[in-house]
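Asker: As they're listed, the protein sequences go chains A and B. Residue numbers for the first sequence follow my numbering, beginning at 2 and rising by one. Residue numbers for the second sequence follow my numbering, beginning at 2 and rising by one.
Among these hints, one or two may not hold up.
Repeated chains share a single entry, so a pair holds when one copy, or any two copies, can fit it.
[Claimed, not checked] Simulated pairs of lysine-lysine, DSSO-like, Cα-Cα distance not exceeding 27 Å:
no. : residue 1 : residue 2
1   : Lys63     : Lys266
2   : Lys182    : Lys158
3   : Lys7      : Lys279
4   : Lys279    : Lys63
5   : Lys182    : Lys203
6   : Lys279    : Lys266
7   : Lys183    : Lys158
8   : Lys63     : Lys182
9   : Lys7      : Lys63
10  : Lys279    : Lys194
11  : Lys42     : Lys203
Simulated from the structure, these hints should not be mistaken for lab results.
Protein chains: 2
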Amino acid sequence: MEQLSKNKIFDGWHERYSHQSRTTNTEMTFAIYLPPQAADKKVPVLYFLSGLTCTDENFSTKAGAQQYAAKYGLALVIPDTSPRGKNAADDESYDLGQGAGFYLNATQNPWSQHYRMYDYIVEELPELIEANFPVTNQRSLFGHSMGGHGALQIGLKNPDCYAAISAFAPIVNPSNVPWGKKAFSAYLGKDEKTWAAYDSSKLVSQMKKAQPILIDQGLADNFYPEQLQPEVFVQAAEANGIDVILDLHEGYDHSYYFIASFVEKHIAFHAHYLGLRKEV
Amino acid sequence: MEQLSKNKIFDGWHERYSHQSRTTNTEMTFAIYLPPQAADKKVPVLYFLSGLTCTDENFSTKAGAQQYAAKYGLALVIPDTSPRGKNAADDESYDLGQGAGFYLNATQNPWSQHYRMYDYIVEELPELIEANFPVTNQRSLFGHSMGGHGALQIGLKNPDCYAAISAFAPIVNPSNVPWGKKAFSAYLGKDEKTWAAYDSSKLVSQMKKAQPILIDQGLADNFYPEQLQPEVFVQAAEANGIDVILDLHEGYDHSYYFIASFVEKHIAFHAHYLGLRKEV
């Protein structure tokens, strides 16, 4: 691991690293915020998965999350959204290829060689984090848009690994919306049966149990409801006896201004299920 | 005025506008955050002056200030740092020309035609804001780095116009540090006597009265103490019987991570002198 930068914020440290990933077979970058409590003891980790076009830096600089991580005493880990660099395949559009990994393991050429973000997020990155930083193996998971899709489908398939799941404006049924159909066709192929393993609305209808789940959606979001259909997820969950908190917000859009407005609520939600209390 | 964007954040509205400025004789851009209280009544305005290379967007997206503006019920106005565009002169370096207006009225060619940021900030912009938005004529002023210099020298010269002054890592004695010497030589000419009107440490030693003044400085700031010498300002102020709060912070650098960590403190400071109380 190579440290790229280190900045003090809210009495903790926001650090960026790059490392050679065995999973994606590329160099990968991530950010970690270590709250002040981590100077004295191990703290749980809340992973944030970002949306299309983002790197780790969007959430790190725009969400205002560090102050709440500091108040509750949890670390934030913010991965990149795809493999990068000239070795990894790419596409000219913003919603496929670099910056658009969709948190899955691609099976199709030219993507399958490097686009293995599911395994990277679920296996390699937590191992790296837990081996190198003052953190416990308690994990929780949230994300935005494509990263909300990542948080939901990863969390649902790994109920014992993540204390809770939450999402801002998530893609919940990628098999049935334009972003998901384009990405899944490319990464997973035309056989839609293979898509179900990464479709949160299908997964939640089959799970015997799930963690607490929270979703916030802005009603002035340009992508709602064409790409973002949280009601579909909630209906599938409720039909299977799984409870979901869905809050809709008049006037809020898809931007980080929306995320910033509700990030305290999400961090408090995860902190509760990680057994943490706000330290005033 | 043309509205460029409008985003809901913390129950208020963050809006960007461009307008043709009679002062700079260019198009100018600014952002305004109207807190939820502005829907019902006029609110005071806190102006933020940004540092070298910034536009209005750095503070707007990275400082996390809107939540505190909403808590206290004040509007934020964030101007650009210089005239822009092909009509305005420029320089290849980051610390002169576009993005580096230094909040003064240039007297030298090629700058004097458009670089009149002092008059823009003190006269034209407040007139525009007070004529077009639900705000009172109560003003307060803060800034970062070059914008800290702007806040101090503008505030000191206009004690009846701004309730308080505060700064993150300000340039306080531009006549004696590299950034200031370069900019003042270009904008104001080689005669250093003309520089004193924009040198906060000289101004504060001559003022009969001053508003409450707060300065925060990170001790891990790469530009401290070569470019940033808050102690010089405090000594000049104290020798003249003017009180300054100067807080130094171990580990903090020059970035917006530093600003975000202390922005609540600054907004609370201005709110107090604007007669506002936090609305929980």
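Asker: Now tell me if each hint is right for this structure.
Answerer: Going down the list of hints, with the structure as the test:
Proximity of Lys63 to Lys266 under the C-alpha cut-off of 27 Å is found in both arrangements, the shortest distances being 16 Å within a copy and 19 Å between copies. In the homo-oligomer, the alpha carbons of Lys182 and Lys158 lie at most 27 Å apart inside one protomer (21 Å), although the nearest pairing across protomers, at 61 Å, exceeds that limit. Only within a single protomer do Lys7 and Lys279 lie at most 27 Å apart by alpha-carbon distance; the minimum there is 25 Å, versus 33 Å between protomers. Taking the shortest alpha-carbon separations for Lys279 and Lys63, both the intra-copy value of 22 Å and the inter-copy value of 24 Å come in at or below 27 Å.
For a Cα distance limit of 27 Å, the shortest separation of Lys182 from Lys203 inside one copy, 15 Å, qualifies, whereas the shortest one across copies, 65 Å, does not. In this assembly of identical chains, Lys279 and Lys266 lie within 27 Å of each other by CA distance both inside one copy and across copies; the values are 12 Å within and 20 Å between. In the homo-oligomer, the alpha carbons of Lys183 and Lys158 lie at most 27 Å apart inside one protomer (23 Å), although the nearest pairing across protomers, at 60 Å, exceeds that limit. Taking the shortest Cα distances, Lys63 and Lys182 never come within 27 Å of each other, neither inside one copy (29 Å) nor across copies (34 Å).
In this assembly of identical chains, the alpha carbons of Lys7 and Lys63 lie at most 27 Å apart whether taken from the same copy (17 Å) or from different copies (17 Å). When the C-alpha separation of Lys279 and Lys194 is checked against a cutoff of 27 Å, the pair qualifies neither within a copy, at 44 Å, nor between copies, at 55 Å. In this assembly of identical chains, Lys42 and Lys203 lie within 27 Å of each other by CA distance neither inside one copy nor across copies; the values are 39 Å within and 49 Å between.
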